[in-house]
Every structure is written in C-alpha cells, then in structure tokens.
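Q: Sequence:
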Amino acid sequence: MANKNNKNEQWMLLVLLLKELAEQKGFTHDQIAEKSQTHRSHVTRFFSLKYAPNIDTFLKIAKSIEVNFFFEDKESKTDLNLAFEKAMEELGRRVEKLSKN
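In our numbering, the protein residues as written are 707 to 807.
Fair warning: there could be bad hints in the mix.
Unchecked claim - Taking lysine-lysine and the DSS-like style, the derived pairs with C-alpha atoms no more than 25 angstroms apart in a straight line are:
hint, residue 1, residue 2
1, K783, K731
2, K756, K741
3, K783, K741
4, K783, K756
5, K792, K756
6, K731, K792
7, K766, K741
8, K769, K783
9, K766, K731
10, K756, K769
11, K731, K756
12, K769, K741
13, K766, K756
14, K766, K792
15, K731, K741
No lab work stands behind these hints: they were computed from the structure.
This one's a predicted model, so the numbers in the text were calculated from it and none came from an experiment.
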C-alpha cells in the first residue's frame, strides 16, 4: 500500500513542477490550453491535481509551456531544481529528507 501512495505523489510532484514553471514564465491557463490544444477546464483540473494525467497529456502541457526534460545532478541549484524543491514543499515533503541516490 505504501508503494501505491508513493506512486500517487510522484505524478502530483511532476504536475506541481509544471505548474510552478508555468507560473514563473507567466503562462495563463488560457494560453496553455490554446498551445496544447486542450480545453481550459482540462488545464485547470490538471494543475489542481484532480486526476493523474497520462503521459501524452503531461508532455503536451509541458511542451506548451516550453519545458524540456533532461537529467542533471540532484545537487545542482538550477532554476529547475529550485522549482522542483518548491513543488516538493507544496506536497508537504521535505527536500532534505530525500535520498541522495
């Protein structure tokens, strides 16, 4: 059961990360909906964590806010890592308690 909860938190964390990046870049839900060819209400539900999106929806929205995915060292303090830490805090998880591997 603990694994299921952890899995639920993972998708939420990724969505909150996109939400934070969209806010930092000044994108509105209307703009994201238009660029991702999705209904505005769908975008709002996405960012409100009303459902776990499939990978296609997630990537469409990420692309609409001009986010690329790449791998980098966890110790880096780039804007992306800082946004990730903020998303973790929003979920109530403490960043300093995460494993280093």
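Q: Compare the structure with each hint and give your call.
A: Results of checking the hints against the structure:
no.	hint	in the structure
1	K783 <-> K731	holds, 18 angstroms
2	K756 <-> K741	holds, 21 angstroms
3	K783 <-> K741	violated, 29 angstroms
4	K783 <-> K756	violated, 30 angstroms
5	K792 <-> K756	holds, 20 angstroms
6	K731 <-> K792	holds, 15 angstroms
7	K766 <-> K741	holds, 9 angstroms
8	K769 <-> K783	holds, 23 angstroms
9	K766 <-> K731	holds, 17 angstroms
10	K756 <-> K769	holds, 20 angstroms
11	K731 <-> K756	holds, 23 angstroms
12	K769 <-> K741	holds, 8 angstroms
13	K766 <-> K756	holds, 17 angstroms
14	K766 <-> K792	holds, 22 angstroms
15	K731 <-> K741	holds, 14 angstroms
The structure does not agree with the numbered hints 3, 4 stated previously, though it agrees with the rest.
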